[in-house]
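Modelling step: build the complete structure from the supplied sequences, incorporating the hints.
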Amino acid sequence: MPTGVQCDGCKAWSSDPNAMVHRSGCPYGGGGPPPGRDPTPQRPMTPDEEANQALCLLFPLSAAGGVVFGGIWHVKRLGGGFKGKSAIRSWSDYITDKYPLKDKGASGGFWARIGGLPFLVLYPVTWSLGKAGVGVGWCAVKVGEGSAWLGQKIWQGVSWPPKQVYYAFAGRPDEKPQPTKRQLELADFNFRQLRAEEAKVLAEAKAARRVAAEKRDALLDELITDDPDLQKVLAAEGLDAARARATKKLDAYLQSYRERAKIRQSQQELIKEMDKTISKADQQLFEDGVGIVLDQAAGRLTKGWQDQLDSGKLTQAARHDLRLKLNLAKWADRTKTAQDNYYDLKDLGESVKKAEAGDYEARLEAHEKTGRMLIGWLDKVAPGKAGTVGLTAMDAAYSATAHLMLGNVASNIRNDMARLQTARPREDALAQRWSTIQSYGKFAANTERVAGIRMDYFTELEKKHGTSATGKEGSK
Amino acid sequence: MTGLRVAALAAGVALAAVLAAGCGRKHPTDEQFGLPDTSAQAAAAREQALLDGVAAMTAFQREQVRASVEKSAPNYGPARASLSGAIARLRPAPGKIPAPQLEACIPPLESALAAMDQVIAAGKAGDPVAAGEGWTIFNLSTEALLLVLPPPPAAADTPAR
Numbered sequence: 414m415p416t417g418v419q420c421d422g423c424k425a426w427s428s429d430p431n432a433m434v435h436r437s438g439c440p441y442g443g444g445g446p447p448p449g450r451d452p453t454p455q456r457p458m459t460p461d462e463e464a465n466q467a468l469c470l471l472f473p474l475s476a477a478g479g480v481v482f483g484g485i486w487h488v489k490r491l492g493g494g495f496k497g498k499s500a501i502r503s504w505s506d507y508i509t510d511k512y513p514l515k516d517k518g519a520s521g522g523f524w525a526r527i528g529g530l531p532f533l534v535l536y537p538v539t540w541s542l543g544k545a546g547v548g549v550g551w552c553a554v555k556v557g558e559g560s561a562w563l564g565q566k567i568w569q570g571v572s573w574p575p576k577q578v579y580y581a582f583a584g585r586p587d588e589k590p591q592p593t594k595r596q597l598e599l600a601d602f603n604f605r606q607l608r609a610e611e612a613k614v615l616a617e618a619k620a621a622r623r624v625a626a627e628k629r630d631a632l633l634d635e636l637i638t639d640d641p642d643l644q645k646v647l648a649a650e651g652l653d654a655a656r657a658r659a660t661k662k663l664d665a666y667l668q669s670y671r672e673r674a675k676i677r678q679s680q681q682e683l684i685k686e687m688d689k690t691i692s693k694a695d696q697q698l699f700e701d702g703v704g705i706v707l708d709q710a711a712g713r714l715t716k717g718w719q720d721q722l723d724s725g726k727l728t729q730a731a732r733h734d735l736r737l738k739l740n741l742a743k744w745a746d747r748t749k750t751a752q753d754n755y756y757d758l759k760d761l762g763e764s765v766k767k768a769e770a771g772d773y774e775a776r777l778e779a780h781e782k783t784g785r786m787l788i789g790w791l792d793k794v795a796p797g798k799a800g801t802v803g804l805t806a807m808d809a810a811y812s813a814t815a816h817l818m819l820g821n822v823a824s825n826i827r828n829d830m831a832r833l834q835t836a837r838p839r840e841d842a843l844a845q846r847w848s849t850i851q852s853y854g855k856f857a858a859n860t861e862r863v864a865g866i867r868m869d870y871f872t873e874l875e876k877k878h879g880t881s882a883t884g885k886e887g888s889k
Numbered sequence: 005m006t007g008l009r010v011a012a013l014a015a016g017v018a019l020a021a022v023l024a025a026g027c028g029r030k031h032p033t034d035e036q037f038g039l040p041d042t043s044a045q046a047a048a049a050r051e052q053a054l055l056d057g058v059a060a061m062t063a064f065q066r067e068q069v070r071a072s073v074e075k076s077a078p079n080y081g082p083a084r085a086s087l088s089g090a091i092a093r094l095r096p097a098p099g100k101i102p103a104p105q106l107e108a109c110i111p112p113l114e115s116a117l118a119a120m121d122q123v124i125a126a127g128k129a130g131d132p133v134a135a136g137e138g139w140t141i142f143n144l145s146t147e148a149l150l151l152v153l154p155p156p157p158a159a160a161d162t163p164a165r
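The listed protein sequences correspond, in order, to chains A and B. Reading the first sequence from the start, the letters are residues 414 to 889 in the working numbering. Reading the second sequence from the start, the letters are residues 5 to 165 in the working numbering.
Heads up, some of the hints might be wrong.
Said to hold, decoys possible - Under 10 Å between C-beta atoms, here's a sample of chain A residues computed to sit facing chain B:
no. : residue
1   : L599
2   : N603
3   : A813
Said to hold, decoys possible - If the Cβ cut is set under 8 Å, some of the chain A residues that face chain B in the computed set are:
no. : residue
4   : Y670
5   : A806
6   : M807
7   : A810
8   : S852
9   : R862
10  : M868
FYI, nobody ran anything at the bench for these hints, they're computed from the structure. For each residue, glycine too, the CB sits at the ideal point set by N, CA and C.
Now the structure itself:
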């Protein structure tokens with residue numbers, strides 16, 4: 414008997430009465446074991462009880478054997494017929510013929526008859542079903558199912574050494590399937606590639622963050638250079654203090670611009686009025702922007718850009734811009750749309766020149782053309798184009814992204830034009846640049862954070878699968 | 005003697021059955037283990053999902069330009085839904101190992117989706133500065149995507165006109 418105390422309520426056992434864990438619903442122990450802890454185990458069986466259980470298993474085992482072999486005999490008999498004998502006679506003759514008492518002795522005949530006994534149960538049932546038109550096949554299926562069920566129950570009930578041997582080879586039924594060595598190696602290979610790719614993205618993200626910081630400092634320095642008050646702070650307190658003051662100033666500009674922009678948004682009349690206040694500076698800005706796109710589209714500066722990039726003397730910001738321009742130029746050459754874009758933009762440039770000369774209608778026309786051209790660019794590559802013009806899905810995706818980049822450039826031109834349509838053009842332009850630069854910083858920081866998380870994740874999984882692939886797991 | 009032979013035969017059959025079961029020890033299929041589908045069909049599906057994502061971004065910007073040129077209210081809903089669907093198709097299922105092919109394109113597409121949400125929310129709130137910041141992040145996402153896409157093949161000479 415196990416030592417310890419037993420609860421009167423739920424019959425749980427414990428060697429320490431103070432540490433007793435009661436079963437669910439026990440009046441002495443409340444609502445069962447604490448979460449994550451198994452209930453108190455059942456009292457272990459005594460050797461007598463174990464022997465009784467083993468004996469209990471013998472009956473279904475012998476019964477199953479009898480049913481199976483009796484069934485087989487039965488079907489065989491049915492196939493060959495009883496040859497004019499009754500079923501019982503046939504069975505009796507069969508048993509007597511195969512196991513004659515005189516030859517084998519009383520013992521052999523007795524056990525043979527015992528082995529055939531289940532047939533006696535089976536036969537009337539199958540005979541009745543046969544009469545009812547159910548058929549022998551159905552009976553065989555049911556006998557098979559019943560035998561399988563019985564076999565399963567027996568298998569679950571036993572704990573013989575052969576079963577343990579089987580488990581050692583085939584694994585336990587509740588065991589998680591172990592991946593093969595090939596699968597682990599493939600996973601390792603995948604994660605290595607993913608980690609390597611993510612390392613590049615992380616490096617890009619870090620560079621982009623430095624670019625954002627560089628642009629931010631450049632704007633602050635520009636403001637300091639143009640502002641006499643900030644110059645005084647720079648002379649008296651140094652660069653950091655001047656930059657801090659400039660940051661506060663730009664925050665104030667942005668706050669003011671944001672509030673006024675919200676009001677403007679709801680007042681369409683003001684927008685119309687702003688349309689009339691576009692200055693020549695807007696046109697210059699517009700033309701400069703168009704010139705950039707034009708150069709990009711024609712790809713004329715590609716070699717120069719590549720040379721600059723190779724020189725290694727550029728700032729991070731300049732390197733980033735040049736790499737984007739080069740990618741764009743490569744795409745333009747690839748899809749042979751450079752000429753179209755070039756002539757579209759040249760046409761637009763003529764309208765801009767007329768506008769510069771004071772032609773208000775030409776300016777409106779330039780606005781309209783920019784918009785239409787943008788729509789045209791964005792329409793050029795649609796998903797439906799993939800496959801129909803010799804472009805693969807990847808070509809089309811690349812092309813569409815590059816179109817989008819062109820769209821961004823032209824959109825920025827439009828935004829720049831709108832930016833100056835205000836009563837405080839300098840402050841508002843600074844505010845918008847400040848807002849954009851803050852977005853750069855936010856985007857770069859977020860990209861770096863995401864890339865860092867992904868990098869750690871891929872590295873960890875690569876390590877895990879790499880160790881497993883070279884370690885003990887796997888068998889194929 | 006016969007009994008011994010029968011016993012030896014039975015033991016042999018039992019041993020063969022155990023060994024056969026051992027050889028048939030269960031291993032997960034590649035799919036159950038979570039390995040990505042490397043078939044050409046699956047690769048094409050991922051490429052198509054990427055293309056749909058870029059097309060959705062293009063549609064988003066086209067809608068802005070259209071609304072601006074035609075002076076009407078933009079409807080960004082379809083483009084946003086399309087990008088969201090494309091990302092869902094490109095992203096590996098939970099618990100599955102991602103395919104290296106185009107996996108790096110997912111973060112830029114996701115940041116573009118976040119930027120779309122910001123633009124849409126700012127439009128509803130009537131805050132053009134927040135919308136402008138959303139557009140900046142959208143443009144930066146496009147740049148990031150352009151940089152992670154595999155570069156195009158060698159450029160052909162552009163014919164002079």
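| said: Does M868(A) hold up as a contact with chain B if the rule is Cβ-Cβ below 8 Å? | reply: Hint on M868(A): violated, closest Cβ of chain B at ~11 Å, above 8 Å.
| request: With a cut-off of 8 Å on the beta carbons, see whether A806(A) makes it to chain B. | output: Nearest chain B Cβ about 4 Å off; hint holds.
| field | Status of the hint placing A813(A) at chain B (closest C-beta pair under 10 Å) | value | holds, 4 Å
| said: Quick check on Y670(A) please, does its C-beta sit within 8 Å of some C-beta on chain B? | reply: This hint holds: Y670(A) lies near chain B, its Cβ roughly 7 Å from the closest one there, short of 8 Å.
| task | Let me know if the C-beta of M807(A) comes in closer than 8 Å to any C-beta of chain B, holds or violated. | result | This interface hint holds because 5 Å falls under the 8 Å limit.
| query | Against chain B, with CB atoms and a cut of 8 Å, does the hint on S852(A) hold up? | reply | Where the cut-off is 8 Å and the nearest Cβ of chain B is about 4 Å from S852(A), the hint holds.
| message | For the restraint on R862(A), tell me whether the closest CB of chain B is nearer than 8 Å. | response | Nearest chain B Cβ about 10 Å off; hint violated.
| said: Given A810(A) as an interface hint, is its Cβ closer than 8 Å to any Cβ of chain B? | reply: holds, 4 Å
| Is the shortest C-beta separation between N603(A) and chain B less than 10 Å? | Because about 6 Å separates N603(A) from the closest Cβ in chain B, which is inside the 10 Å limit, the hint holds.
| query | Going by Cβ atoms only, is L599(A) closer than 10 Å to chain B? | reply | Holds. Min distance 6 Å.
Checked against the numbered hints given earlier, this structure breaks hints 9, 10; the rest are met.
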